[in-house]
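Participant: Sequence:
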Amino acid sequence: MKNALWHVPGTSVYLVFLIFAAAIGLFTFAFPALGSLAQGDTGLFVLAVGLFGLFVTGVAGYRIYQLIQ
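Going by the numbering used here, the sequence shown opens with residue 1, and the numbers climb by one from there.
In case anyone wonders, no lab produced these hints; they're calculated from the structure. For clarity, every value in this text was computed on a predicted model and none was experimentally measured. Every residue gets a Cβ at the ideal spot worked out from N, C-alpha and C, and that includes glycine. A hint or two may mislead.
What the hints assert, rightly or not - Quick list of the computed label-pair ranges, beta carbon to beta carbon:
no.	residue 1	residue 2	range
1	Phe31	Tyr65	42 to 48 Å
2	Gly43	Ile19	29 to 35 Å
3	Gln39	Asn3	50 to 56 Å
4	Ala4	Thr42	51 to 57 Å
5	Leu5	Leu47	20 to 26 Å
6	Thr42	Gln66	32 to 38 Å
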């Protein structure tokens, strides 16, 4: 019973971590890369950074979806 009490705060902290990871993936990597691409800066590095941000956001979103179900 004592260990079961730690599941609720542990899951809550994990959920908050995933939400912040998704936000960082979008606002730090994906959106600036999209803005740079929109201005005509179509470098391979910019594309890789944007795809990395989308990947991080996708993984975090999938884990949040699994956690909520």
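Participant: Now, for every hint given, state plainly whether the structure supports it.
Facilitator: Outcome of the hint check:
no. : hint                         : result
1   : Phe31 with Tyr65: 42 to 48 Å : violated, 21 Å
2   : Gly43 with Ile19: 29 to 35 Å : holds, 30 Å
3   : Gln39 with Asn3: 50 to 56 Å  : holds, 53 Å
4   : Ala4 with Thr42: 51 to 57 Å  : holds, 52 Å
5   : Leu5 with Leu47: 20 to 26 Å  : violated, 46 Å
6   : Thr42 with Gln66: 32 to 38 Å : holds, 35 Å
Hints 1, 5, counting from the list given before, are not met by this structure.
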